[in-house]
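J.: Protein sequences, first through last, are from chains A and B.
For the first sequence, counting from 1, position 26 maps to 194 in this note's numbering; every step adds exactly one.
For the second sequence, counting from 1, position 166 maps to 334 in this note's numbering; every step adds exactly one.
Source of the hints: derived by calculation from the structure; they are not laboratory data.
Warning: the hint list may mix true and false statements.
A pair holds if it fits inside one copy or across any two, identical chains being indistinguishable in the list.
Claimed, not checked - Below, computed lysine-lysine pairings styled on DSBU-like, alpha-carbon distance capped at 35 Å:
no.: 1; residue 1: K299; residue 2: K217
no.: 2; residue 1: K193; residue 2: K309
no.: 3; residue 1: K238; residue 2: K309
no.: 4; residue 1: K237; residue 2: K284
no.: 5; residue 1: K262; residue 2: K309
no.: 6; residue 1: K284; residue 2: K309
no.: 7; residue 1: K284; residue 2: K193
None of these values were measured; they are calculated from a predicted model.
For reference, the chains in residue letters:
There are 2 protein chains.
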Amino acid sequence: MSFDIKTICLGALSLGDATGYEIRKQFEEGPFAYFYDASFGSIYPALNKLLADGLVTCTSEAHPGRPTKKIYSLTASGEAALRAALSVGSADHKVRSDFLAILFFAHLVDPAQRVKVYDAYCAFYRTALAKLADAVDCDEKFGHQLVQGFGVHVYTSALDYLERNREQFLQGDMPVAEPRRAVGK
Amino acid sequence: MSFDIKTICLGALSLGDATGYEIRKQFEEGPFAYFYDASFGSIYPALNKLLADGLVTCTSEAHPGRPTKKIYSLTASGEAALRAALSVGSADHKVRSDFLAILFFAHLVDPAQRVKVYDAYCAFYRTALAKLADAVDCDEKFGHQLVQGFGVHVYTSALDYLERNREQFLQGDMPVAEPRRAVGK
DNA sequence: TTTGGTATATATCGTTTCGATATATAATTC
DNA sequence: GAATTATATATCGAAACGATATATACCAAA
Chain A
169 MSFDIKTICL GALSLGDATG YEIRKQFEEG PFAYFYDASF GSIYPALNKL
219 LADGLVTCTS EAHPGRPTKK IYSLTASGEA ALRAALSVGS ADHKVRSDFL
269 AILFFAHLVD PAQRVKVYDA YCAFYRTALA KLADAVDCDE KFGHQLVQGF
319 GVHVYTSALD YLERNREQFL QGDMPVAEPR RAVGK
Chain B
169 MSFDIKTICL GALSLGDATG YEIRKQFEEG PFAYFYDASF GSIYPALNKL
219 LADGLVTCTS EAHPGRPTKK IYSLTASGEA ALRAALSVGS ADHKVRSDFL
269 AILFFAHLVD PAQRVKVYDA YCAFYRTALA KLADAVDCDE KFGHQLVQGF
319 GVHVYTSALD YLERNREQFL QGDMPVAEPR RAVGK
């Protein structure tokens with residue numbers, strides 16, 4: 169069973185007050201960017217639900233001519249709910265990678281396209297590593313350090329593998345597979 | 169933009185005819201288990217859609233007293249659709265990990281629970297590595313080899329990190345953080 | 001031996017989440 | 001000066017998940 173967006177928002181707010189927009193940014197660039205994600209379409213309704221349940225409070229900051237900034241804060245019961253959610257017995261770990269899917273089926277893809285995807289995947293890891301290196305927050309909780317170090321270690325190792333196997337994989341322009349013949353039933 | 173379940177089913181069927189149930193199993197144990205996932209609730213409707221669109225065909229095998237086995241096969245236009253989908257310009261890579269989320273917020277979790285989660289995460293990688301090692305299919309396409317090798321490499325490295333840092337991370341039973349005091353507004 | 005759990009197999013359905021779109025302005029880059 | 005990016009919230013249709021229903025065979029343990 170995996171955490172729902174409400175719980176994830178509580179987690180984000182446990183690091184400090186934030187608007188919905190800022191929470192979203194944390195999932196794009198911040199410390200949990202690489203192991204969780206959430207979109208606007210789920211964050212805003214989640215914050216409303218949390219507000220209704222008294223797990224967060226909201227302070228409005230009016231700015232003339234643009235949407236009112238709503239700054240959310242974790243309440244005591246919100247933090248308790250977060251602690252409870254984090255202590256559930258079961259946990260998931262899921263990877264969903266288009267890059268690996270395309271590479272897995274590389275024999276169905278044009279050689280030029282293979283190179284593009286391969287290099288884009290390398291670039292993805294380089295960018296992610298740069299973000300991880302930037303995200304050295306002070307106030308470092310021990311869990312933050314562990315997870316950050318883990319990310320750097322694993323992503324570095326992934327990039328290593330891709331760089332070492334690049335030539336061999338792309339070499340010789342392995343031909344695109346012929347369409348399979350209809351199998352006589 | 170990421171691949172939809174229909175495309176993923178086409179990919180699974182490109183490895184051989186299968187029932188919806190067998191496709192699901194492939195995502196649990198098979199070669200793409202570790203970089204893609206799909207549930208029954210999305211596979212069955214997807215197969216119906218693919219059938220209606222002529223991208224797969226279906227052969228029914230009646231077994232008295234239990235659900236009719238429906239074996240799906242990729243058609244020529246189905247394979248063409250798969251090739252087209254794999255050649256799109258953009259690709260995603262997403263990780264969603266409850267383990268890392270819990271470890272990140274370890275200061276909010278009971279020390280005993282930390283150990284459990286930590287060890288469960290290690291166990292997850294050991295199991296995944298065992299599955300990956302088993303999944304040595306013959307007929308090996310070059311993409312299959314790359315992706316399998318990548319998985320083994322990255323997961324081994326992840327496990328290494330976790331094992332090396334275990335004592336240090338769990339050492340001394342770092343206390344659970346006190347609830348934050350209400351911030352005077 | 002009978003009870004209970006796992007494996008096979010399809011299907012539906014409520015709920016969650018995504019992703020695209022709408023709206024509006026400031027700030028920055030070309 | 002024009003165009004794009006960043007700030008900021010909100011909604012809504014479409015996609016996918018996850019739980020549940022149904023039904024039987026098989027295997028292990030009590």
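J.: Run through the hints listed earlier and report the numbers of any the structure violates, in increasing order.
T.: The structure conflicts with hint 4 only, although it agrees with all the remaining ones.
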